[in-house]
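There are 4 protein chains.
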Amino acid sequence: MRTFKEYQQKLYAMRKNVYIDGELVGRDDPRLIGGQNIMAISFGAAKSENPELSSLASATSHLTGKKINRFAHVYQNEEDLLKKQQMIRKLGEKAGGCIQRCMGCDMINAIYVTTKEVDEVHGTEYHERFKKYLIWYQDNDLVGNGGQTDVKGDRSKRPSQQVDPDLYVHIVERRDDGIVVCGCKAHNTCAPYSDEILVVPTRALLKDSESDWAVSFAIPADAEGVTLVSRPVSPNPRKELKSPYNNYGVCDTMTIFDHVFVPWDRVFLCGEADFGGRMALAFANNHRFSYCGCKPAITDVFIGATALAAEYNGVGKAPHIADALADLMATAELVYAAGIAASVTSKKTSSGSWEPNFLYTNCGRYHAGVKIMHEYETLMSVAGGLPSTLPFEGDWLNPETRGYMEKYIMRNPDISSENQHRLFRFLDDFTVSAWCGMEMYAGIHGGGSPIMEKIGIRSNYPLDEKKQIVKNLAGISD
Amino acid sequence: MRTFKEYQQKLYAMRKNVYIDGELVGRDDPRLIGGQNIMAISFGAAKSENPELSSLASATSHLTGKKINRFAHVYQNEEDLLKKQQMIRKLGEKAGGCIQRCMGCDMINAIYVTTKEVDEVHGTEYHERFKKYLIWYQDNDLVGNGGQTDVKGDRSKRPSQQVDPDLYVHIVERRDDGIVVCGCKAHNTCAPYSDEILVVPTRALLKDSESDWAVSFAIPADAEGVTLVSRPVSPNPRKELKSPYNNYGVCDTMTIFDHVFVPWDRVFLCGEADFGGRMALAFANNHRFSYCGCKPAITDVFIGATALAAEYNGVGKAPHIADALADLMATAELVYAAGIAASVTSKKTSSGSWEPNFLYTNCGRYHAGVKIMHEYETLMSVAGGLPSTLPFEGDWLNPETRGYMEKYIMRNPDISSENQHRLFRFLDDFTVSAWCGMEMYAGIHGGGSPIMEKIGIRSNYPLDEKKQIVKNLAGISD
Amino acid sequence: MRTFKEYQQKLYAMRKNVYIDGELVGRDDPRLIGGQNIMAISFGAAKSENPELSSLASATSHLTGKKINRFAHVYQNEEDLLKKQQMIRKLGEKAGGCIQRCMGCDMINAIYVTTKEVDEVHGTEYHERFKKYLIWYQDNDLVGNGGQTDVKGDRSKRPSQQVDPDLYVHIVERRDDGIVVCGCKAHNTCAPYSDEILVVPTRALLKDSESDWAVSFAIPADAEGVTLVSRPVSPNPRKELKSPYNNYGVCDTMTIFDHVFVPWDRVFLCGEADFGGRMALAFANNHRFSYCGCKPAITDVFIGATALAAEYNGVGKAPHIADALADLMATAELVYAAGIAASVTSKKTSSGSWEPNFLYTNCGRYHAGVKIMHEYETLMSVAGGLPSTLPFEGDWLNPETRGYMEKYIMRNPDISSENQHRLFRFLDDFTVSAWCGMEMYAGIHGGGSPIMEKIGIRSNYPLDEKKQIVKNLAGISD
Amino acid sequence: MRTFKEYQQKLYAMRKNVYIDGELVGRDDPRLIGGQNIMAISFGAAKSENPELSSLASATSHLTGKKINRFAHVYQNEEDLLKKQQMIRKLGEKAGGCIQRCMGCDMINAIYVTTKEVDEVHGTEYHERFKKYLIWYQDNDLVGNGGQTDVKGDRSKRPSQQVDPDLYVHIVERRDDGIVVCGCKAHNTCAPYSDEILVVPTRALLKDSESDWAVSFAIPADAEGVTLVSRPVSPNPRKELKSPYNNYGVCDTMTIFDHVFVPWDRVFLCGEADFGGRMALAFANNHRFSYCGCKPAITDVFIGATALAAEYNGVGKAPHIADALADLMATAELVYAAGIAASVTSKKTSSGSWEPNFLYTNCGRYHAGVKIMHEYETLMSVAGGLPSTLPFEGDWLNPETRGYMEKYIMRNPDISSENQHRLFRFLDDFTVSAWCGMEMYAGIHGGGSPIMEKIGIRSNYPLDEKKQIVKNLAGISD
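Protein chains in written order, with this note's numbering: chain D, 1372 to 1849; chain G, 1372 to 1849; chain Z, 1372 to 1849; chain B, 1372 to 1849.
A few of these clues could be false.
Distance condition first, Cα-Cα at most 20 angstroms in a straight line; then the derived EDC-like pairs of lysine to aspartate or glutamate [what the hints assert, rightly or not]: (1) B/Lys-1688 x G/Asp-1694; (2) Z/Lys-1465 x B/Glu-1836; (3) D/Lys-1838 x G/Asp-1694; (4) D/Lys-1610 x B/Asp-1392; (5) B/Lys-1778 x D/Asp-1392; (6) B/Lys-1438 x B/Glu-1449; (7) D/Lys-1838 x G/Glu-1789; (8) B/Lys-1688 x Z/Asp-1835; (9) G/Lys-1610 x Z/Glu-1394; (10) G/Lys-1387 x Z/Glu-1771; (11) G/Lys-1610 x Z/Asp-1835; (12) B/Lys-1528 x D/Glu-1777; (13) B/Lys-1838 x Z/Asp-1694; (14) Z/Lys-1461 x B/Glu-1836; (15) D/Lys-1461 x G/Glu-1836; (16) G/Lys-1528 x G/Glu-1581; (17) D/Lys-1778 x B/Asp-1629; (18) G/Lys-1461 x D/Glu-1836; (19) G/Lys-1688 x D/Glu-1836; (20) Z/Lys-1838 x B/Asp-1698.
These aren't lab readings, by the way, just hints derived from the structure by calculation.
Pulled out of the complex, with its shape left as it was, chain D reads as follows (with noise of 0.2 angstroms):
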């Protein structure tokens, strides 16, 4: 398993394809780091001196019986999923939010599994062809960037239909050495610091005549062809009052396919239009698997914060505090529990890795997704209008404005002066920046919006048995 360094070093090597406000910038570039620090949890977790941490954050390959990074692991029984959730959530807490790694791992799994699934319909080889591939990600402890959803021009409109065909990602040309892409992946969180790009469908059906767009592949970040356009957000920049949350950042990117060489070694399906939704859905699923354990992280947080704000006003007892905490205490264990629930009674595959229950993946994505604006307002509203009143940092730093700032800003009198600062310099950062806004749109659309799971819900729900029972009840026969 890699260090950070070490991963570091990787990603500064490579060739420059990242943009930034119109600038093409080295992976080193100072708004990139903020990501890369997240990433630093995910190494430094594994490799931790505390056994139970490591324990977690690590796994055994089945591959290949060495030690590697849980990130890089597919999942081989219950156990696997149930660890996976509560080192997401363990993780996610350190990092105040998104983990941004499990995109990889998610990938990972849904190509495993539905590699294996053509190859028996299709009698195709596109499974062993990931193996190998698997094998040289796990040893190489990869960070892998999660390319699924496509810019998707007119929602109205199929991959097909579309004025241009790129709008999806797609098929261009089918050589010897390997296939031709063309397109853009939206919404790619930590491209510019990740090794690689998988890349699986968006569409939950494709049609026959949508082969072309049926592909999943595998490609370095900086592969000729590939370019980033990245949307790098931070906290609030801070002068002096440091804290860790504000080494933190994320990168939202456009990856951008034009004309890409992928070699078959890294093709995993390449016009099989009956597994285009099969492949889409296994990574739905495992990406919403993974918010079953990141979503009570983040609710973690707003129940600290709560407490705290609550706290440092003076009214931390107050009975409408109480409440307002039990609720989100119960949005953060009922989102957690549905992954639990999907752990316990997922399905072994035909590829021997273990895979999620949808219904209950979707059911905590949702529930996680209805309640994330009611969380924010809870916050909001206990905290009282001064996060975003809050004077900027540089008048606690000008000795002419510090003491008025220091006088004024004091509240519980047990709380010191620069605590009080600190909880609402963070609670400026957390809710009124756009930082914020980036985190609120991951609450509701971040692997897939409440309109989404929804479908996922019903697609496979036993309504016919429903129905039964009530006609059972109300004497109906037909």
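Chain D is fixed; fit chains G, Z and B onto it per the hints.
Just chains G, Z and B now, with coordinates in the frame of chain D:
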């Protein structure tokens, strides 16, 4: 294990101590049959020829090794908890609601666990005493009524502060051969057709000075001094359009103890105020766990009914219906997931039996409680006004009006007039009746209302850990 | 203006054409008295010795200059609209719910306005004809039933597409002396104790080919060919514990027209399909305006009941109760504010009468509809389970159990046992009864369910202006 | 009336007492221009050549008979209140949010009314004093900042209980020529570009012993001892893609009074503790009334933005979009209806000016406050993730990436790439920025958070009348 007939024979031989609307009645009063028919489901399932069903509904006693009804079983492992939950959902779907017999089941589990703990601290012998009682209870396949909720008098006062000490059940005399108790347990769902009344305290905390209120015991439902004032309710009676749902009923009851003598071998807590709360919460925990199985069953009825209503109205495929159904499904499955999580994270107690995870049972019951009225709203919205304005059954039987009825109820032409009638007649029962009112209150308050679960959720929640997460992120040290 | 007695005398002399549960009954059937008692409120108020009340409940006819019941009045100015709203809230508070007589009031206002507009376009003479009818209606202080909602058959089909054309009321024959109609109007709240049935179309749009369904008329409620199949419902009957609420009732009715002849002087729309929707929406608008008065009255009952339940339970001062009450108050007053806004922004129509603002009547009714189940939830949560498990009245009358009842219902010691009993008995009626089920459906669907108001709200909303606001801000020109 | 240029000239001549992020700046600092541009809207509207607009935005002073800006006007009748509400909605739509100048308007109305009442009880002369001040304020067309909310220290303590008495603004010295005050008013939206600071108390109740905190006055914003520590915020800056919205801004400010001398002719309350609450609530009432105009304007932006986002995504006609829009419309119009109701039920005060109905202003502001986060959720859900992941503007300007940007932003092919860019860039500003965070907090807390309006709603509500309604229905006499 008994047959339903044997159960009824024993019932009908009991002392007459049930009052309904001013009348002293036998247990064969027709108004008491609906509840007995619910019990029939549990007797039948345990002896079912369907092996899947019978294995769900029966278990092997850890005390005698005999095959017993699962409702008389004490959990020996996680699997027992999962099976209990599955059983309740399955049987609840048959009943179209509360299966009622989990009252006794949850009582014996709570008393089993707590008596051991009391003995460990106080050197008492309650646990062995209760084991003997339990063997007899299992061998005779008994139905137990759970007496927990006291009438409570002034809600702003504690038991010992009430103007009348009987407002909470308490010990009025300690004798050589037993104790004498006074008071009244309210909202007892199945008392008039139970064999036994099991009693535990209500409050989560009893003070040392309130040791007279720290009392647990079992007593035959027709014991001297016990009076049951009962309020039977059933779906609306039918003239000719019979259906299974209309055979069912429930009989909420005030179980009054007027100087009832309880011999020592039936006393399981007697003055150990420090364990009053533990026993109360042990029952609450087990009972909220039951709700994680039965509430999904009730939601299953909402799902089926909503889907059928839409289909019969001709709008089964409308997008807003699909949306409404998915939300109901998410409700059912999140509550169920909480039950699964409560099972697989359950803990072995010092008695050797297993206890579901209190946090998840509370989260599951909480979610059910906050959603129930929304479920009614969904069904009522989709059904349209007809369930509440449907002419009475007599107008279908009267030849002068029957033609009008059949003509004007027609909606989706694929559904016969009779089935349209049956569905909307069922919806009338399910949503426009005293029975429905009872179900709504049960949905909100049964097993503890959401406000109680909020207390449960936050009672042991690691709030300080969550605060520390935020302090770490914000750089606050104190 | 008539007395209540005169109203009843006329009713009791009508032809027997009311069916209840298979029986053909006279209008003096006890099951029909509850609704008549509601009507008594409106007759009494208009002749009240309280000048404030009588001036609210009566008006001066613009046609005859005579003093008439306000329910027979056509709005002549904003003040009339405001007074109507005040009247309905005041009388609704007396009834504890729907005052029922606004049906007729809203019908005459809708027909008055629309007939003038039809005449202007089609050169017909409906308006003068209706004026004559209205003078007679006012002079005789009549009660009108509003027949709007057709049974509608398959909801996915239009009137002309149904397998049975009668599923919407339509003209089956045009004769020299009048027309013949067939069909059935559903959910008619007060048909069996109304003098007249007034009919307008249901749909917001009729196609040219659907002119037979574009029909409006008035007919005596006992006319030949009219059959009323009625479903009376009342609060639970009382033995001795009489209270005003239990005198009331409602009788939702299917009003069946089986080849009913309507003479021309009672026909107000006959084939002008282009005005079918206008007339339907004119009634909907007026009726939703009524809801802006009556729904706050119902919320007033929720407020009072919730406050009393808390007080009687001993927790009247608890902060969560104060919070719950404030939310109920906001619901009442926002709906009422929408009615005020609809009044003061009303428009004079070509007929000279005034029409409330459609946008605000829809907003008011919408808010009432989306909140009603939450209001029940609030009251039920605060009341605790007792309303649903309260022993029947007979157990209070039986001396063997009376003592127990009085002893164990005690809560707040400042409240007598009788008053505790009265309150929870009322809550039983109000929330645990077929009557309550009817009220819930009325709360959701009466006057149009929220989904209908959403259509109303957006139908004329200046959406393009709102888009332009954003285009201006964003610098978009197109 | 002044021009915007005259307003700015006066501003720029003021003493430098504004701090931003550690710097002492002049009022011509670029970060302060955004807020001034908002003020420009009000200056421009009053002098607009559009007579409808200018008549909304100006009024005739009842003191001088001169034409004045409506924001300097004291309500003389219902019409004035209605026009104020219309004006704010209209101007708020231009600003895309808070018009800011109502602060001063609401202050002068509150002080005008209250000073009269104080004089009546205490024989003081505040009212005549304030009239003189007001004539000067109107004649000079001034902009007033409302200083109400104290920093408040420990929320569980009263002003006099704080460890530092300055945590609420108070009188520290009474001199012959005036008073000296200390303290800090927080969340002052427009202080750095206001001419005057107007101050009233915060608390709804002051005790007799807290007369030093019963203080109201006006002072130039650059008076000696006044320090403004300001936090300017604007939509994200643009490089080339200019749009009106990006010219705006707001500057929440801590207005610090460090031994500020206020001459008597500017003191409007000085120690009359019994009127501290009256004045505080009079401002709250007027300010919540303003929200009944401005919040609908903000919802208008949500409506337009949601509709455009759906249209640009190609799903403008989808039923769930229509539904979401109707709900937003209902929110806007219910809040607006509350403002209309507050206007037409306003009361003339002893000063001769009119005061909106406190119940309805609270209901309107309450509804806005409980819906605001849901409005964001609606827009964010419909917009999809793009606003939060849209590459920065520089990538549109860089020729190496511009083609990709234009290609891959395409959605509905009827909308140009530039307009797609403009819309989603606006949505980025509106929902993913520090500016948005400020708007969210303003939406929840500005003018008082929902918890404060609940207190307002229930404070004078006739709860006993509502209880009596239920007692009447239930037959309870006491």
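Okay, the hints, checked on the actual structure:
As the CA atoms of B/Lys-1688 and G/Asp-1694 are separated by approximately 17 angstroms, the hinted pair is consistent with the 20 angstroms bound. A threshold of 20 angstroms between alpha carbons decides the hint, and for Z/Lys-1465 with B/Glu-1836 the separation of about 12 angstroms falls inside it, so the pair holds. Straight-line distance between C-alpha atoms of D/Lys-1838 and G/Asp-1694 comes to about 17 angstroms, which keeps the hinted pair within the 20 angstroms bound. Taking the CA atoms of D/Lys-1610 and B/Asp-1392, the gap is near 10 angstroms; set against the 20 angstroms cutoff, the hint holds.
For the hint linking B/Lys-1778 to D/Asp-1392, the alpha-carbon distance of about 17 angstroms falls within 20 angstroms, and the restraint holds. A threshold of 20 angstroms between alpha carbons decides the hint, and for B/Lys-1438 with B/Glu-1449 the separation of about 19 angstroms falls inside it, so the pair holds. Taking the CA atoms of D/Lys-1838 and G/Glu-1789, the gap is near 17 angstroms; set against the 20 angstroms cutoff, the hint holds. As the CA atoms of B/Lys-1688 and Z/Asp-1835 are separated by approximately 14 angstroms, the hinted pair is consistent with the 20 angstroms bound.
Our distance criterion of 20 angstroms between C-alpha atoms is met by G/Lys-1610 and Z/Glu-1394, whose separation comes to about 14 angstroms. Distance hint between G/Lys-1387 and Z/Glu-1771 is fulfilled; the C-alpha atoms sit about 13 angstroms from each other, no more than 20 angstroms. In summary, the hint linking G/Lys-1610 to Z/Asp-1835 is not supported, as the alpha carbons are separated by about 57 angstroms, beyond the 20 angstroms threshold. For the given pair, B/Lys-1528 sits about 19 angstroms from D/Glu-1777 by alpha-carbon distance, which is consistent with the 20 angstroms threshold.
A distance of roughly 17 angstroms separates the Cα atoms of B/Lys-1838 and Z/Asp-1694; the hinted pair therefore holds under the 20 angstroms criterion. For the proposed pair Z/Lys-1461 and B/Glu-1836, the alpha carbon gap of about 12 angstroms is at most 20 angstroms, so the pair holds. With a C-alpha separation of about 12 angstroms, the suggested pairing of D/Lys-1461 with G/Glu-1836 holds against the 20 angstroms cut-off. Using a Cα cut-off of 20 angstroms, the hinted pair G/Lys-1528 and G/Glu-1581 holds, with the two alpha carbons roughly 13 angstroms apart.
Restraint check for D/Lys-1778 and B/Asp-1629: satisfied, since their Cα atoms lie roughly 12 angstroms apart, inside the 20 angstroms limit. Restraint check: the Cα-Cα separation between G/Lys-1461 and D/Glu-1836 comes to about 12 angstroms, which is no more than 20 angstroms; the hinted pair holds. Simply put, G/Lys-1688 and D/Glu-1836 have alpha-carbon atoms about 17 angstroms apart, close enough for the 20 angstroms limit, and the pair holds. Only pairs whose Cα atoms come within 20 angstroms are accepted, and Z/Lys-1838 paired with B/Asp-1698 is accepted, the gap being roughly 16 angstroms.
In this structure, only the earlier hint numbered 11 is contradicted, and the remaining ones agree with it.
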